[in-house]
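K.L.:
Residue numbers (the working numbering), protein chains in the order written: chain H, 82 to 513; chain S, 82 to 513.
Treat the hints as calculated values from the structure; they're not laboratory data.
None of the values given here were measured: they were computed from a predicted structure.
Check before you lean on any hint, since a few could be wrong.
Where chains are identical, the list cannot tell them apart; a pair therefore holds if satisfied intra-copy or between any two copies.
Here are the simulated DSS-like cross-link-like pairs (lysine-lysine), alpha carbons at most 30 angstroms apart as the crow flies [unchecked claim]: (1) 430 with 466; (2) 227 with 178; (3) 430 with 253; (4) 501 with 430; (5) 171 with 227; (6) 350 with 227; (7) 436 with 253; (8) 372 with 105; (9) 227 with 372; (10) 139 with 286; (11) 501 with 436.
Number of protein chains: 2
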Amino acid sequence: MRFTNMFIPTLRETPSDAEAVSHKLMLRAGYVRQLAAGLYMYLPLGWRVMAKINAILKEEMDAIGAQEISLPVLHPAELWQQTGRWDEIKEEMFRLKDRGGRDMCLGMTHEEVMTYLASREIRSYRQLPQSWYQIQTKLRDEARPKSGILRTREFIMKDSYSFDADEAGLDKSYELHAKAYHRIFQRCGLEFYQVQSDPGMMGGKGAHEFMAPSPAGEDEAVLCVSCGYAANVELAGSISPGERFKAEPHDIHAAKTGDGCPKCGAALKIERCIEIGNIFKLGTKYSLPMKAFYLTEDGSERPLIMGSYGIGPARIAAAAIEQSHDGDGMIWPASIAPFDAEIIPLNIKDENTAKTAEALYNALNEAGIETLMDDRDERAGVKFKDADLIGIPKQVIIGERNLKEGLVEVKDRRTKEALKVKPDEVLKAFKS
Amino acid sequence: MRFTNMFIPTLRETPSDAEAVSHKLMLRAGYVRQLAAGLYMYLPLGWRVMAKINAILKEEMDAIGAQEISLPVLHPAELWQQTGRWDEIKEEMFRLKDRGGRDMCLGMTHEEVMTYLASREIRSYRQLPQSWYQIQTKLRDEARPKSGILRTREFIMKDSYSFDADEAGLDKSYELHAKAYHRIFQRCGLEFYQVQSDPGMMGGKGAHEFMAPSPAGEDEAVLCVSCGYAANVELAGSISPGERFKAEPHDIHAAKTGDGCPKCGAALKIERCIEIGNIFKLGTKYSLPMKAFYLTEDGSERPLIMGSYGIGPARIAAAAIEQSHDGDGMIWPASIAPFDAEIIPLNIKDENTAKTAEALYNALNEAGIETLMDDRDERAGVKFKDADLIGIPKQVIIGERNLKEGLVEVKDRRTKEALKVKPDEVLKAFKS
Chain H
82 MRFTNMFIPT
92 LRETPSDAEA
102 VSHKLMLRAG
112 YVRQLAAGLY
122 MYLPLGWRVM
132 AKINAILKEE
142 MDAIGAQEIS
152 LPVLHPAELW
162 QQTGRWDEIK
172 EEMFRLKDRG
182 GRDMCLGMTH
192 EEVMTYLASR
202 EIRSYRQLPQ
212 SWYQIQTKLR
222 DEARPKSGIL
232 RTREFIMKDS
242 YSFDADEAGL
252 DKSYELHAKA
262 YHRIFQRCGL
272 EFYQVQSDPG
282 MMGGKGAHEF
292 MAPSPAGEDE
302 AVLCVSCGYA
312 ANVELAGSIS
322 PGERFKAEPH
332 DIHAAKTGDG
342 CPKCGAALKI
352 ERCIEIGNIF
362 KLGTKYSLPM
372 KAFYLTEDGS
382 ERPLIMGSYG
392 IGPARIAAAA
402 IEQSHDGDGM
412 IWPASIAPFD
422 AEIIPLNIKD
432 ENTAKTAEAL
442 YNALNEAGIE
452 TLMDDRDERA
462 GVKFKDADLI
472 GIPKQVIIGE
482 RNLKEGLVEV
492 KDRRTKEALK
502 VKPDEVLKAF
512 KS
Chain S
82 MRFTNMFIPT
92 LRETPSDAEA
102 VSHKLMLRAG
112 YVRQLAAGLY
122 MYLPLGWRVM
132 AKINAILKEE
142 MDAIGAQEIS
152 LPVLHPAELW
162 QQTGRWDEIK
172 EEMFRLKDRG
182 GRDMCLGMTH
192 EEVMTYLASR
202 EIRSYRQLPQ
212 SWYQIQTKLR
222 DEARPKSGIL
232 RTREFIMKDS
242 YSFDADEAGL
252 DKSYELHAKA
262 YHRIFQRCGL
272 EFYQVQSDPG
282 MMGGKGAHEF
292 MAPSPAGEDE
302 AVLCVSCGYA
312 ANVELAGSIS
322 PGERFKAEPH
332 DIHAAKTGDG
342 CPKCGAALKI
352 ERCIEIGNIF
362 KLGTKYSLPM
372 KAFYLTEDGS
382 ERPLIMGSYG
392 IGPARIAAAA
402 IEQSHDGDGM
412 IWPASIAPFD
422 AEIIPLNIKD
432 ENTAKTAEAL
442 YNALNEAGIE
452 TLMDDRDERA
462 GVKFKDADLI
472 GIPKQVIIGE
482 RNLKEGLVEV
492 KDRRTKEALK
502 VKPDEVLKAF
512 KS
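When you get a sec, could you build the whole thing from the sequences and use the hints?
P.N.:
Laid out in structure tokens, this is it:
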């Protein structure tokens, strides 16, 4: 992609209303814009990052045999009345009436609709287990939307739901998801911890959260860097509606007094984390009131045993920026960067520069390296600043002086180390 | 994908409340289920078709330099008040208040939000032209949702918007989109016509619709099969809100009296079509009230000249079924089929059958042929019926009798022609 063909409205000034680093950088680098409180517009670069994350989510969900489906955003009230959440959930739920005066709401999460579908379609133990997921819009009327795309009123969520014949089946589905979540966050390049948590409003018998340490987060967790042990201190907010709980006091005590990790004895640290995912053992909380029953082998009727599993891709993007940036801008993990490489021809009016840039641009794209080329007629300083701000992992700098020696510069955005190579050695330099 | 790992709830009976063939078949073949009036759930097969169509939409939009972004579903009322559509549009718009009592609506279309974004970000002629698109959820409170996924209250739409400096620029952007739409519908395997239409509520200076002839459609058009000339008779409903108009009376007259096509003289036919896409020259209808101005080269301020362009992927899917099915079920065009091939081992308990099926399944998937294998322990008749119903273009039938001669059967879903080949010649048979 050529810079002149792409809408990348970078800003020189730091927006005054943004506090979190990820929020400031996403605005400055032209990744997102705000439409209204808690409502964000993803611009081309921001949407490319979301697409990369969504592709990883899809691959890892498919790998555990979960099946992608798609359910409406708009829900009839009846379903939420059946489970009691129509009354339990207060102002966080967007409610409306349709032209016929029927009560409707906007989906904050999809346990009700998924269970409705299962109640109509799963009849026999022979159809179990099932895992269904979607990557889709959710709406929650947050009291205080903030921190850019971290806490919004509308957001995309990968939510999956498992249906099993018994608790042992649920344990297996739960474990499959937990492991998939580990792979997802690892692939997205995040530092993260799996934290035991309280099921809260989701109900059920067990839950874990995935926490990415970051000062922009709203949660506090006791973390052991040595063995990965982690526990929540207090959950102020969550991807899921309404949780608010305290975690094990002994962990907090241990962290504060230096008693050490209960698992390995190493020193604990307390850190305000970003919740990037959560998994719940729902049991029969939804299947019982919604009559989602199946027939066992001996012909008796039993409720489906359910689990639900959520990940917010925007939170992954924000956490990645929080954990990986410097004073000049974003530093994307290669797996979720909007492009793999950026070509920076310093003086596009120089014929040799333009020719070399064009040839490299074609060669890299042909080699499957997604490449952005800054073909603007701008000063070198502007191009350097923008390149560091938008944070594409590899930069290929083409300057007249180096070119005279038949060389271009390959620079790593993270380490800022630069290597002079011949144009046809750029690919090799990327790999080293 | 193995049939036993995939949720494909086929039905033996034709659902009584479905009228359109596409609606009946999508329910029977387990592609979709209804949640409530005009609200549909896409099951794994249905969602795979949508993903295939969306990928084509994305490729063709990218090919004309349009850039993918993503805007919220939830809109503040102010934007729609600025253009007057808050009052102009009646019950078709879902409205609600947020927890602060602010008026909001659900996006039926995104002219307002796109123009808002442009008004904040496009300042200079140097930034023009721009084309932005998204593939995203729209909501419209249809008075009479019907025909399955053809007329729903919530649906996915590919909507793009062009911003140009002048009318000549708009003409170019419009033409680029029209050509892209031709490629999209061709690639999706549809018979379609481009019909001049009235801009209606969208305003502006010109519009075309794309019509797929089908008895399930709600529109009537005068069509010339010979040269492609087409004109609307009456538009009862539309992807866009509120249009309702009559087309050229002389065309209707010509069709009825046999006067012939005004362009080539050939016989005209009148057909109730499905509107699968529309394109509008909006001009300054949105940029003027929303103050989306840019600075020209000489420093004067001018309104952006806009176009908007919509395609409903669910309508493409339904139109494909309407145009391509037989008494046994769907017959998917290869480009948008949920799988390329289905392997049907007639008796999965026969060791040789199972082994051959497994080997072929791996070989086809490795060759990039997306393959579904019916590994269920079901009677051959059930498997044949389901395979014809779900309509995957190529079937590979593995029976004990043929296997004894070292052969399997490759059958074309459309022609029902079958060819006996050696298992390692299946790929070659697909190509012939």
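K.L.:
Work down the list of hints and note, for each, if the structure agrees.
P.N.:
How the hints compare with the structure:
With identical chains, the CA atoms of residue 430 and residue 466 are at most 30 angstroms apart within one copy only, with a shortest distance of 19 angstroms there and 65 angstroms across copies. Taking the closest pair of Cα atoms, residue 227 and residue 178 come within 30 angstroms of each other both inside a single copy (28 angstroms) and across two copies (20 angstroms). In this homomeric assembly, residue 430 and residue 253 come within 30 angstroms of each other (Cα to Cα) only across copies, at 28 angstroms, whereas the closest approach inside a single copy is 61 angstroms. Taking the shortest Cα distances, residue 501 and residue 430 sit within 30 angstroms of each other inside one copy (22 angstroms), while across copies they are farther apart (63 angstroms).
In this assembly of identical chains, the alpha carbons of residue 171 and residue 227 lie at most 30 angstroms apart only when taken from the same copy (20 angstroms versus 33 angstroms across copies). Only within a single protomer do residue 350 and residue 227 lie at most 30 angstroms apart by alpha-carbon distance; the minimum there is 26 angstroms, versus 58 angstroms between protomers. In this assembly of identical chains, residue 436 and residue 253 lie within 30 angstroms of each other by CA distance solely across copies; the values are 29 angstroms between and 57 angstroms within a copy. When the C-alpha separation of residue 372 and residue 105 is checked against a cutoff of 30 angstroms, the pair qualifies only between copies, where the shortest distance is 27 angstroms, while the shortest distance within a copy is 47 angstroms.
Taking the shortest alpha-carbon separations for residue 227 and residue 372, only the inter-copy value of 28 angstroms comes in at or below 30 angstroms, while the best intra-copy value is 38 angstroms. For the homomeric pair residue 139 and residue 286, the shortest alpha-carbon distance inside one copy (27 angstroms) is at most 30 angstroms, but the shortest distance between copies (42 angstroms) is not. For the identical chains of this complex, residue 501 and residue 436 are intra-copy neighbours only, at 18 angstroms inside a copy versus 55 angstroms across copies, given an alpha-carbon limit of 30 angstroms.
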